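With these hints in hand, go ahead and build the complete structure from the sequences.
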Amino acid sequence: MQAEEDAEFVGARVEAGLRAARFSSPPSSEEFAASIEPKNVPAVFHDVLNGSAASSRWDPLHGGLDYLLEKVGPDVAVEAMMSSTGHVFYGDLRSHERVSIPFSTFMHSCKSYLGHLNAAGDSSKDKAIEEEPTCSEEMCSAISENSEQLYLAQVSILNTENKERCSLEVLKVDIQEPIFLKGKPFSSINFWMSRAHMRSSTHYDPHHNLLCVVAGCKKVTLWSPSASPFLYPMPVYGEASNHSCVSIEEPDYSSYTRAKYMKEYSERVVLNCGDALFIPEGWYIFLNYFTLYHQVDSDDLTIAINFWWKSRIMTEMLEHMDAYYLRRILRRLVDTEMDKIAQKNSFSHAKENNGFQPTDKALRGSEQFNLHNEVKSHDTSDKKGATDTSDKKGAPLQSLEPSTLQALYELMSLVHDSVEAVDQNNIAESASQDTSSSQSIERKKIAADDSSLLEKDPVAKIILPVEPLELRSMLLAMVHTFPRTLEGLVLNILGPTGAEILTRKFDEMDQQTTTEEQAKFYKTFYTAFDDQYAAMDALLNRKELFSFQVFQSVLDQYLRVHVDRPS
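Per my numbering, the sequence shown starts with residue 5, numbered consecutively.
Watch out, some of these pointers could steer you wrong.
[As the list claims (entries may be wrong)] Derived Cβ-Cβ restraints for the label pairs, each shown as a range:
| no. | residue 1 | residue 2 | range |
| --- | --- | --- | --- |
| 1 | S417 | P42 | 19 to 29 angstroms |
| 2 | E405 | V567 | 45 to 55 angstroms |
| 3 | S191 | L563 | 39 to 49 angstroms |
| 4 | M318 | L473 | 42 to 52 angstroms |
| 5 | P78 | V567 | 31 to 41 angstroms |
| 6 | D326 | S191 | 13 to 23 angstroms |
[As the list claims (entries may be wrong)] Straight-line Cα separation of at most 27 angstroms, DSS-like style, residue types lysine-lysine; simulated pairs:
| no. | residue 1 | residue 2 |
| --- | --- | --- |
| 7 | K167 | K75 |
| 8 | K460 | K524 |
| 9 | K223 | K264 |
| 10 | K344 | K43 |
| 11 | K176 | K314 |
| 12 | K223 | K314 |
| 13 | K314 | K188 |
| 14 | K186 | K167 |
| 15 | K115 | K176 |
| 16 | K167 | K43 |
| 17 | K223 | K167 |
| 18 | K186 | K264 |
| 19 | K344 | K460 |
| 20 | K460 | K509 |
| 21 | K465 | K344 |
| 22 | K547 | K509 |
| 23 | K267 | K188 |
| 24 | K223 | K43 |
No lab work stands behind these hints: they were computed from the structure.
Being a predicted model, the structure only gives us computed values, none of them experimental.
Even glycine gets a Cβ: it sits at the ideal position worked out from N, Cα and C.
Structure (structure tokens):
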């Protein structure tokens, strides 16, 4: 049940429009900066590397390996990733290690790999490859048994933070900066190379990323940051906090129950030679280096480069503002969740009430008014704040719609069933007293209760389906005919969800009426209360309780997704 609730929680935040845009040709730097990068949505570009030496000289089937060997030289060492889990490289540092090997060693192993692949199709070519000089026995022995598990990942060509790590800096002259990234302050440019069928774990990066395929193909699966609950990112305090715990190939749904929804919110993109993918910061990606259509060609060795740069928001996010940004983000999450709850319940009620048929009591006017006269004996006889009720705005009972009369009857029944034995003097006293301690107790009770917000609040269920202007008329009718019932409803019966729904209805009323009509309504509405400030306090206090309950829900879900480890 919890997995379904969490899927719904996130699904409301995943917009269908977050799909990768496609561009047949690279955009200008102005277009990219103005209309592509700010959207924080992936984009695919073709022919990005045309004209660069990397595009023309690095192809493994056309002398690219020899070119790279000569360009880099025999003495340059690079860090390779060696996986202990086969062809999948997981983010957890326990599943792989970085090993230092000569760049030439890796190139020679790749040449031998191509030679074996081509052996059946071209024995003479295979013989020529086998006769090529390879790494020494001592150098190759350490990696020969695990050569299929080696992967050159994030080998620096440019690194503005640590220039000493730029082991492949010599390759920078072969790279032509994409025209639409002109002027970007790159934090790093990296070299990536792998055999066919290598896969990375699902992860996100803290920088904007442009991934360019120089040779071979990559299949990239993308998820929006809002899909985090499906992907079970490792705890934020961990060493690999930007990686997912879930195996995409063999997900363990018993441990990661929400993961069964992850494919519904993913998008797959195939990048061929010369293609580039803009991956905004925070987007989850799963990389698959594969042989397209099972052909034995350059796809068996995949070479890529990527450009990382800080987004504008991260560049401008100053450390002393962190607490403020955190509060703003939490406030927006709470507001979004509150809107989702209201919209969901409105939709459910609209569906339930489609073809609504009022009860007989709502339809039979004389019997309904007999009931009203019967419960009226519990009300005071005075008509405080009485005004002219000759038109619809004055809200005589006869002018209410049958469904509104039914709602009025249900509200009055609630109030009188609940407060019939309560002395009227205690009503105002209990509402106007200091509520700080009782609020604290009620908040703890609310936070611990996971049942439906709407189901716990009968008043909210009644007023939710009522149209704003009809509710306005009903409230005015209560002011003029049953003021004590209205007072008891607001001060004693109305719960946190009901207070939120009622004030939202007030906002909708305001949008449909003039300023003068609004002022007249609120002036009349509050005449039903001996202490109008007590009524305002009751509404505001319970609205805050509702917000607190939603805040607890948002916080609990965030902790489950980003902090807690799966049980």
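Quick rundown of the hints versus the structure:
With their beta carbons about 54 angstroms apart, S417 and P42 fall outside the hinted range of 19 to 29 angstroms. About 50 angstroms separates the C-beta atoms of E405 and V567, a value consistent with the hinted range of 45 to 55 angstroms. For S191 paired with L563, a C-beta distance near 31 angstroms fails the hint of 39 to 49 angstroms. Separated by about 47 angstroms at the C-beta atoms, M318 and L473 satisfy the suggested range of 42 to 52 angstroms.
In this structure the hint that P78 and V567 lie 31 to 41 angstroms apart at CB is violated, the actual value being about 48 angstroms. For the hinted restraint 13 to 23 angstroms between D326 and S191, the CB-CB distance of approximately 20 angstroms keeps it satisfied. For the hint linking K167 to K75, the alpha-carbon distance of about 19 angstroms falls within 27 angstroms, and the restraint holds. This hinted pair does not check out: K460 and K524 have alpha carbons roughly 33 angstroms apart, beyond 27 angstroms.
Restraint check: the Cα-Cα separation between K223 and K264 comes to about 21 angstroms, which is no more than 27 angstroms; the hinted pair holds. For the given pair, K344 sits about 23 angstroms from K43 by alpha-carbon distance, which is consistent with the 27 angstroms threshold. For a cut-off of 27 angstroms, the pair hint linking K176 to K314 stands: about 20 angstroms separates their Cα positions. Between the alpha carbons of K223 and K314 the distance comes to roughly 25 angstroms, so the proposed pair stays at or under 27 angstroms and holds.
Between K314 and K188 the alpha-carbon distance is near 9 angstroms, which keeps this suggested pair within the 27 angstroms criterion. Annotation: proposed proximity of K186 to K167 holds, straight-line Cα distance about 21 angstroms (limit 27 angstroms). With a C-alpha separation of about 23 angstroms, the suggested pairing of K115 with K176 holds against the 27 angstroms cut-off. For the given pair, K167 sits about 32 angstroms from K43 by alpha-carbon distance, which is inconsistent with the 27 angstroms threshold.
A distance of roughly 31 angstroms separates the Cα atoms of K223 and K167; the hinted pair therefore is violated under the 27 angstroms criterion. For a cut-off of 27 angstroms, the pair hint linking K186 to K264 is broken: about 41 angstroms separates their Cα positions. Between K344 and K460 the alpha-carbon distance is near 17 angstroms, which keeps this suggested pair within the 27 angstroms criterion. Note on K460 and K509: the hinted pairing holds, with a Cα-Cα distance of about 19 angstroms set against a maximum of 27 angstroms.
With a CA separation close to 16 angstroms, the supplied pair K465 and K344 stays within the 27 angstroms bound. Restraint check: the Cα-Cα separation between K547 and K509 comes to about 13 angstroms, which is no more than 27 angstroms; the hinted pair holds. Between K267 and K188 the CA atoms are separated by roughly 33 angstroms; this puts the pair beyond 27 angstroms, and the hint is violated. Using a Cα cut-off of 27 angstroms, the hinted pair K223 and K43 holds, with the two alpha carbons roughly 23 angstroms apart.
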